[in-house]
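Line by line, the protein sequences give chains C and F. As numbered in the working numbering, the first sequence has no gaps in its residue numbers, which increase by one up to the final residue, 924. As numbered in the working numbering, the second sequence has no gaps in its residue numbers, which increase by one up to the final residue, 394.
Worth flagging that the hints you see were computed from the coordinates, not collected in a lab. On a predicted model such as this, the values are computed, not experimentally measured, just so you know. Each hint should be verified, as a subset may be incorrect.
Stated by the list, open to error - Here are some of the chain C residues that sit facing chain F, going by a computed Cβ distance under 8 angstroms:
#1 Glu782
#2 Tyr836
#3 Tyr844
#4 Leu886
Glycine included, every Cβ here is placed at the ideal spot set by N, Cα and C.
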Amino acid sequence: MKALVILCILLGSFFGFSQTQENQITMSFENWSLKEVVSHIQKTTDYSFFYVNEWLSGDSVSGNFDSVSINEVLGQLFKDTDINYYMMEGQRIILTRGNVIYDKLPEDFFVTSKIDSIVPEIEDDKDILPILHKEDDELAQKTNQLVRIGKESKGRLKQSATLTGSAVNSINGQPIPDLAILVQGTGKGTTTNAQGYYTIDLPLGPHMIEVSGLGIQGELQKIILYGDGNLDFELDESFEMLDEVVVKGNRNDNIERTIGGVLQIEVKEIKKIPLVLGERDIFKVATTLPGISTAGEGASGYNVRGGRADQNLILLDHAVLYNPSHFFGLFSAVNPFTSSNVDVYKGNIPAEFGGRLSSVFDIKTKDGNPKKFSGEASIGPVTGNLTLEIPVVEEKASFLIGGRATYSKWILRSLKEEDLRNNEASFFDIIAKYNHKLDEKNSISAMGYYSDDAFNITRDSLYSYSNQSFSIEWSHKFNNKTKGEFILANSNYSFNIDFDVDAASVNDFKLKYRINETLLKLKMKYLHNDSHNFDYGISGKLYNVEPGSIEPLASETVVPSVFIPEERGVEAAIFISDDFKINKKLSVNLGLRYSMFAALGESIQRIYEEGMPRNETTLINTEAFDKNEIIKTYGGPEARISTRYFITPNTSIKAGYNSTYQYVHTLSNNTTASPTDTWKLSDINIKPQRADQFTLGLHKNLNENEYELSLEGYYKKFDNILDYKTGADLLLDEAVETRVLQGQGKSYGVELLAKKNNGKLNGWLGYTYSRSQIKFDGATEEERVNNGAYLPSNFDKPHDLSLVANYKFSKRFSLSTNFVYQTGRPVTYPVGNYLYEGKEYTFYTDRNKFRIPDYYRLDVSFNVEGNHKIKKFAHSFWNISIYNVLGRNNPYSVFFVTENGQIRAYKSSIFSIPIPTITYNFKF
Amino acid sequence: MKVYQSTNPRWYMVLIPMVSLIFGCIESFEPQTEVFEDALVIEATITDELKRQEVLLTRAFRFEEFVPLPETNAVVIVVDDLQNEYVFEEEASGKYISTSSFGVEAGRSYQLLVTTSSGSQYASDIVIAPQPSPIQDLSVARVEDINEGMAIFVEYEPSQTSNYYRYHYEETYKIIPPEWNNQMLRFEGPALVVVTRDREERVCFNTNVSEDTVLNKPKQSNANNVPQFQVRFIDRDNYIISHRYSILVKQLAISEASFEYLKRLDESSGADDLFSPSQPGFFSGNVNSTSNSDENVLGFFHVASVSSKRLFFNYEDFFPSEPLPPYVDYCLPYIPPPLEEATSENPSLGELVSSNSVRYHSTIPLTGEFAVVPRVCGDCTVLGDINVPEFWED
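Start from the sequences, fold in the hints, and give me the full structure.
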């Protein structure tokens, strides 16, 4: 109220200022409070002061003045505060506070103004105070209280000031990175960095600051900028808000970032997308974006810009996730509750990443809340999910643990139907993360992850696979410009097939496969100056592969035991990149990575006749290598170059060139990635794969970033990609090189993404036209496919359209829909039978000559938010989804098998009817 | 949470369809050939045997059909590198026989040319006839690898390594029904009486021809062992080796291309993992259309050098005093019901004798009833032929 009174006085005396005659003051004091100083002056001079008591408590000051003007005294006195003073006629001095944000601001909240403040020349300042008050009334509903920032400075030396601040999540106190800070009407904006801080230069005067981010309740903040100052935000999570960007946290980022082909998925927002069987899935969202597709419904593996499924580096807190899906890809193996965000690099891959050709999915687990115990849970028809965040050392260390499991096992067992009872389909995963901020310069975090899947396809075989990984990251700030991260990560992936017909049958066996890798990485960040920002470092990886064994289970057995010797390899790389801002419009990101791979013994390598197809008949020799002896090395430079140019402030054009090597490959004779795909290291016979990608993109934001448009084109060339010879069975074949071909590939496409970021109706439309082709043109018929011509790859789907739309009826009710259309994937169709030497064979077309019918699907989900009272123990959220509303029977594959001399045809489809699900989530 | 973990019957409403969807997502169906591609199928192996060589021409057929249509009225010619033309004439529908006898000569090259009645022209790659590589020897051994049984090996000499071979075989074996005796039942008026057999039904012979594609490329072995290759394995429980067994192994020296083609063809018909199938594709042989380069042609024109050898062995030489392999039938004697109790499932003796379904076994001493065995247990002609093959040596 007092402030209001003062404001009214100020308003009333707006034009009444003039230079007053000055009395000379002499005084000396030590460790007085401001209030004491002010009342001393009031007593000893004719000046009278008007102020609010609280403003002057706290700070203690010392000073010594000898016959100086009141201006000098007050200037000195209030130099380090946010207090301005106004001299009015009658030697009245009014103190005002230049910066009010919240009542409970921290002590060190206020930022020093560098110029002594004296009586402002308010006459010149037409844009300051009075105007605002009118607007305040209309905007009261959606804006926060007016905030004044900085102090008026005399002399108008600066027409602009620097606004800095940070944004934290009001619930868990976590910094909010990538928050968009926009200044309405100016076209200016910035974003918070990883620590939640931002800086922006603005003209002095009133501004409307808009903050928005994914999963964050946006705010409008009216400010009056008097000088340099601080504005912090404590923001709520937008649990119910639909008018947020789902994919990007950073609104300007799409046009500003130097590198192209980056997608950011904010995990919190995934719940807006209709679900299948009630599971949120990061990867499902990714596939609604241009350039990323799956081989089929329920197929694990993602194809990014025409690349094979093994060409994606999927990182969970630096550790590679070899199999990112549960249950044939119906569910993602990444727990959406514990993940914070995912960066998908499909165009230019930062130089720090390598080892895969097509993309990097960089998934980060969120830090636990260091302030208070909190959690989130969800209950769906298939799984239950619980995440807990536990503070360990207040404000410094926290622990996060999340687990997910199916209850299908229990449900299947309790069914009466004998057929179903003996089935098994279950999975679980658990993730834990500990992070500790040791001091200002050091922090560590450690993550552990384990997932397990078990299912049977036939009654007598049990398939199981598991991912297991951990990582430790130590980050150290050397100084303000240099930061380092030291990372140790280990990943393990294994699968087993237990074939167990009956108790102790002679046919029983157990098949095993395992790959393990350990990464050591040092990454340095060096901020040279405003225009150069370097990242550099080294990394090394050790692979151990146990390609497989078959152990008979019964003592009397007809199963021969098989053991394929272990493979080892080392992958090392050095990398450096510079994000170079040449000028305001042009920036270049220059990255270079040199990678190297050495296949290590011990091993026996098979040597084949030069220039002949590799098969058992051309095998001429074997060569033995000792333990850790280098069998063969491969390596080469990888360029990661991209550039961005602003055509207009809201439109940028980006171009890039990206080259990559890949030293590990999946061997798969399946159309889709399945858990039994084995990873094989490069060796004497299998060369590393290589890819080059050229990209060109146009990015535009419209209407203050309400709409985002991007158009990107790419051309990608592959070398030494692996594919299988017809009919090859790759599992547990010691001489796999005789089963595969290495050839060329090319893919190209245009991707269009249009997004509406807010409003009652929001969402995005992605459309991709792309082609992906491969060519195997060896010297002999055996090494050729389709006579050596380019043929569509298994995942060549020229048209791919995704529409995600959310409509918000009210704060509590919203509707989301998701529509997907894709050209049917290529298939090799059996076109007839023929008789040859008395036997019937199926006669196939050229490989991938035909396509299965087009795929389309519509999903709808209805979201109901629980009551939004803050004091309520838990915040709840209901999701009711219908997957495949149209009931489209999308064939997943069509295939033909010769059984007992007869051709049998099979078709598989995963979900051919609408699948309704209901999921309950709550947060506490 | 606890509320939802307890048994709630409503969950089943969602789960049962879900579970059956996941597990029932693969179904067999009757395919209709949507995109049938007609194709010529060429089956030709010409050899160095001086004979009238044979070429078979058929068409590929739709799934809904069961038999191929022959390609009739085609012009079939084999040309060698000396421009000798060997003309074939259609002996039966789709079966073309050379008008004169000829055998390929090692080192000469041959090409098959076909012009169909519709005017389409086809030509094979030019194939060089392989050097004769006669079969060295055959051996037989009782082996106990995974299963116990008899293995028949082809023996090579060192110079034969790195050649490509294909094998056909014909196996002939002696059959003696376990319950044969020299008596039989015959109607005398309405009554059945036991008389001496009037037919030779004790010893027969049967011949099987190999169906599998047997291929081998012998490799130089490190030791001085003679390289050998198992062309045939007969499980010890297979009745065909019960008495005396003979096998004629025919060794075809073929080109590498022929070898690879046959190998891939053989592999392509294997069963796949149902959930994630492998993706087969068209693989061409060595015949192409010269009138339409987009047309796929099936089959292969093989040129081979043939040699053969025969081997005999007796069961008792390898399994002395061991029981014989089980016969095709348990051969348990039984007494058929009297006429009044007979049913269609369990017919009377008279019906069985009339329909030639049983053989006499014995007479029950007190009742005078006749016990019989299924015909196959007392009559070898069910399984074979009583004529001794010309090549047979006892």
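Consistency of the hints with the structure:
1. Glu782: With a closest approach of 5 angstroms, the Glu782(C) hint holds.
2. Tyr836: 6 angstroms, holds
3. Tyr844: Result: holds, 5 angstroms to nearest chain F Cβ.
4. Leu886: 16 angstroms, violated
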